[in-house]
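> In case you want the letters, here they are:
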Amino acid sequence: MDVRDMINVKKLNKSFGDLHVLKDVDINVKESDVVCLIGASGSGKSTLLRCLNFLEIIDNGQIIIEGEEINADSHDLNEVRQKIGMVFQHFNLFPHKNVIENIIEAPIHVKGVSKDQAIKEAKELLDKVGLADKEKVYPSKLSGGQKQRVAIARALAMKPDIMLFDEPTSALDPELVGEVLATMKELAEEGMTMVVVTHEMGFAREVADWVIYMHGGRIVEVGHPDEIFDNPVEERTREFLSRTY
Amino acid sequence: MPSLSHVIEVFFDTYDIFIKGMLLTLQVTAISIFIAIFIGLFFAFLKISGIKILEWIANAYIYLVRGTPLIVQIFIFYFGLNDLNISAFWSVGLALAFHNGAYIAEIFRGTIQSIDKGQMEAGRSLGMSTNLTMRRIILPQAFRRALPPLGNQFIIGLKDSSLAAFIGMYELFNVATTKGANDFDNMTYLLIVAVYYLFLVYLISALVGLLEKKLSVSD
Chain A
1 MDVRDMINVK
11 KLNKSFGDLH
21 VLKDVDINVK
31 ESDVVCLIGA
41 SGSGKSTLLR
51 CLNFLEIIDN
61 GQIIIEGEEI
71 NADSHDLNEV
81 RQKIGMVFQH
91 FNLFPHKNVI
101 ENIIEAPIHV
111 KGVSKDQAIK
121 EAKELLDKVG
131 LADKEKVYPS
141 KLSGGQKQRV
151 AIARALAMKP
161 DIMLFDEPTS
171 ALDPELVGEV
181 LATMKELAEE
191 GMTMVVVTHE
201 MGFAREVADW
211 VIYMHGGRIV
221 EVGHPDEIFD
231 NPVEERTREF
241 LSRTY
Chain B
1001 MPSLSHVIEV
1011 FFDTYDIFIK
1021 GMLLTLQVTA
1031 ISIFIAIFIG
1041 LFFAFLKISG
1051 IKILEWIANA
1061 YIYLVRGTPL
1071 IVQIFIFYFG
1081 LNDLNISAFW
1091 SVGLALAFHN
1101 GAYIAEIFRG
1111 TIQSIDKGQM
1121 EAGRSLGMST
1131 NLTMRRIILP
1141 QAFRRALPPL
1151 GNQFIIGLKD
1161 SSLAAFIGMY
1171 ELFNVATTKG
1181 ANDFDNMTYL
1191 LIVAVYYLFL
1201 VYLISALVGL
1211 LEKKLSVSD
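As given, the protein sequences belong to chains A and B, one line each in that order.
The numbers in the first sequence follow the working numbering, run straight up by one, and end at 245.
The numbers in the second sequence follow the working numbering, run straight up by one, and end at 1219.
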C-alpha cells in the first residue's frame, strides 16, 4: 500500500543575516512516521522544525505539506498551521487562561467550534494526557511535565495531521521527562505523524521510525534508529553519539 | 496658620460647593483618561508596528507632549478649540487626553513588548492570526502588567486636572483658590482642597488595586 507523503522538503535554505543556518535540506515524512531530529545545538534542527509551520520563512527551496507546495506569500498560513500542531520547549501556555481555556481557545476562535463541543473535546484530551482533574487550574500551578502535557492537548485540540515537537523535554526536571515522553509515545502508537527535535536518545531509539542527524545546517545522515545508533555510517554522527549517548 | 478647628468648621460649611468641584474634577479626569487609553493603545501599536513612518509619527507625538508644559498644551487646546465652539470642559478633557495618551502609549508599548514572544508563536502555531493573538492572548496579559503604572498615570492625570482652573473651569482647585481669595483665607481652603485630592487619589488607588486583585487569579 502506498503511504501518503505528509511533509516534503526540497533544497531548503534559510539564513539569519550572514548566518547560513539551513543548507540544501531535504526531508520526506510519510503518514504515521515518527521522525527524530538529533544534533548539537546550533545544528539547525529547531530552525528546520520552525520552518515546517512557517514560524520562520525560508529563503528558498520547497515545503510541500500533504502534497501541496506551501508558499508563504500566496497561502493563508493560518489555515496551513491548523493542520500542523506544535509543542514548544518552554510550553508557551497562555498564563492568563486556565487549562481548559488554553485548550478551547483556538478551536472556538479559529475553527468556530461551539463552546460546549470544544469543552467536551478538551475534557477527552485532558483525560488522554492524564490531567482530567486539572481543567480549572492555571498554568502557574502546574509542574513542567503537566504544562507540557497540557500544551500537547492544546495542539491536539485543533485535530492536526502532523505534530511538531521542539525539544519538548529539554526544560523539564529529569524526573518529569518520562510522563511527557509517555504521552508522546502513546500519540505515536496511535499513528500520529510526528517530527521531534530531541536530545532524548532513548526515546529516539525506541519510538522513531527515522532518525535524522544534523550538523552545521546540513543533514549528515538519515536512517533507522538501529542503524544510526549502532552502526552510523558517517564519522561525524559517530562522534556526536559517542559524546551524548 | 489657621487652627484645626477652624479648618474643620470651614470644611463642613463648604462641602456642597467642594463636592460640586470634585465631581467636575472627576468627570474631566475620567473622560480624559478614558480617551487617553485609546490614544495610548493606538500610538503604542504605531510604535511597535515595525513601519518606519508610523514609528516616526508616534515618536513625534510623544516628543511633542513630553517637550512642552501641560499648561501650554491646555491653553493651545482651549484657544484652538474655542474657535470651533468647543466648551472649556471639553478643551481641558481633550488636552489632558492628548497629554496622558503619550505616557500611556509608552506604558503599553513597554508591557506589550515585555510579553514573551513564545506567546505570539503559540497563538500563530494554533492557526490564530496575528491580530487575533494580539487581542486574545497578548493584550490581556500586557494590560494586566500595565495596571500598576497605569494607576500611577491616572493619579497624575487627576492632579494635573487642577490646571483647568487657569482657563476658568470651576473644578476643585479653582473652588479652593476662589473661596480663599474671597474670604482672605487661602491657607484654610488649600488645606481643605488637599484633603479632597487625597481622597480622590485614595479612591483611584483602591479601584486599581481591586482590579489588580481580580486579574491575579491566574498567579
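Treat the hints as calculated values from the structure; they're not laboratory data.
Incorrect hints may appear among the rest.
Derived PhoX-like pairs: lysine-lysine, alpha-carbon spacing no greater than 25 Å straight-line [stated by the list, open to error]:
1) B:Lys1117 / A:Lys141
2) B:Lys1117 / B:Lys1052
3) B:Lys1052 / A:Lys97
4) B:Lys1213 / A:Lys83
5) B:Lys1159 / A:Lys136
6) A:Lys123 / A:Lys97
7) A:Lys97 / A:Lys10
8) A:Lys23 / A:Lys120
9) B:Lys1117 / A:Lys97
10) A:Lys123 / A:Lys30
11) A:Lys111 / B:Lys1117
12) A:Lys83 / A:Lys141
13) A:Lys30 / A:Lys11
14) A:Lys134 / B:Lys1052
15) A:Lys128 / A:Lys83
16) A:Lys141 / A:Lys123
17) B:Lys1213 / A:Lys120
18) A:Lys159 / A:Lys185
19) A:Lys141 / A:Lys120
20) A:Lys136 / B:Lys1052
21) B:Lys1052 / A:Lys141
22) B:Lys1214 / A:Lys115
23) A:Lys141 / A:Lys111
24) B:Lys1214 / A:Lys141
25) A:Lys10 / A:Lys30
26) A:Lys83 / A:Lys111
27) A:Lys128 / B:Lys1214
28) A:Lys128 / A:Lys111
> If a hint holds in the structure, say so; if it doesn't, say that too.
Going through the hints against the structure:
1. B:Lys1117 / A:Lys141: Distance ~21 Å between Lys1117 of chain B and Lys141 of chain A Cα, so the pair holds.
2. B:Lys1117 / B:Lys1052: Holds, because 21 Å separates the two Cα atoms, which is no more than 25 Å.
3. B:Lys1052 / A:Lys97: Cα-Cα ~34 Å, so violated.
4. B:Lys1213 / A:Lys83: violated (38 Å)
5. B:Lys1159 / A:Lys136: Not satisfied, since the Cα-Cα distance of roughly 42 Å exceeds 25 Å.
6. A:Lys123 / A:Lys97: holds (16 Å)
7. A:Lys97 / A:Lys10: Cα-Cα ~39 Å, so violated.
8. A:Lys23 / A:Lys120: violated (44 Å)
9. B:Lys1117 / A:Lys97: Holds. Lys1117 of chain B to Lys97 of chain A sits at ~17 Å (cutoff 25 Å).
10. A:Lys123 / A:Lys30: At roughly 30 Å apart (the allowed maximum being 25 Å), Lys30 of chain A and Lys123 of chain A break the hint.
11. A:Lys111 / B:Lys1117: With a Cα-Cα distance of about 23 Å, the restraint between Lys111 of chain A and Lys1117 of chain B holds, given a limit of 25 Å.
12. A:Lys83 / A:Lys141: violated (30 Å)
13. A:Lys30 / A:Lys11: This hinted pair holds, its Cα atoms lying about 18 Å apart.
14. A:Lys134 / B:Lys1052: violated (45 Å)
15. A:Lys128 / A:Lys83: holds (20 Å)
16. A:Lys141 / A:Lys123: Satisfied, since the Cα-Cα distance of roughly 19 Å is no more than 25 Å.
17. B:Lys1213 / A:Lys120: violated (31 Å)
18. A:Lys159 / A:Lys185: Distance ~17 Å between Lys159 of chain A and Lys185 of chain A Cα, so the pair holds.
19. A:Lys141 / A:Lys120: holds (23 Å)
20. A:Lys136 / B:Lys1052: violated (43 Å)
21. B:Lys1052 / A:Lys141: Violated - the C-alpha atoms of Lys141 of chain A and Lys1052 of chain B are around 41 Å apart, more than 25 Å.
22. B:Lys1214 / A:Lys115: holds (24 Å)
23. A:Lys141 / A:Lys111: Between Lys141 of chain A and Lys111 of chain A the Cα gap is close to 29 Å, so the pair fails against 25 Å, i.e. violated.
24. B:Lys1214 / A:Lys141: With a Cα-Cα distance of about 17 Å, the restraint between Lys1214 of chain B and Lys141 of chain A holds, given a limit of 25 Å.
25. A:Lys10 / A:Lys30: Given that 25 Å is the threshold and the Cα spacing comes to 15 Å, the pair holds.
26. A:Lys83 / A:Lys111: At roughly 12 Å apart (the allowed maximum being 25 Å), Lys111 of chain A and Lys83 of chain A satisfy the hint.
27. A:Lys128 / B:Lys1214: violated (32 Å)
28. A:Lys128 / A:Lys111: holds (22 Å)
Hints 3, 4, 5, 7, 8, 10, 12, 14, 17, 20, 21, 23 and 27 from the earlier list are contradicted by this structure; the remaining hints agree with it.
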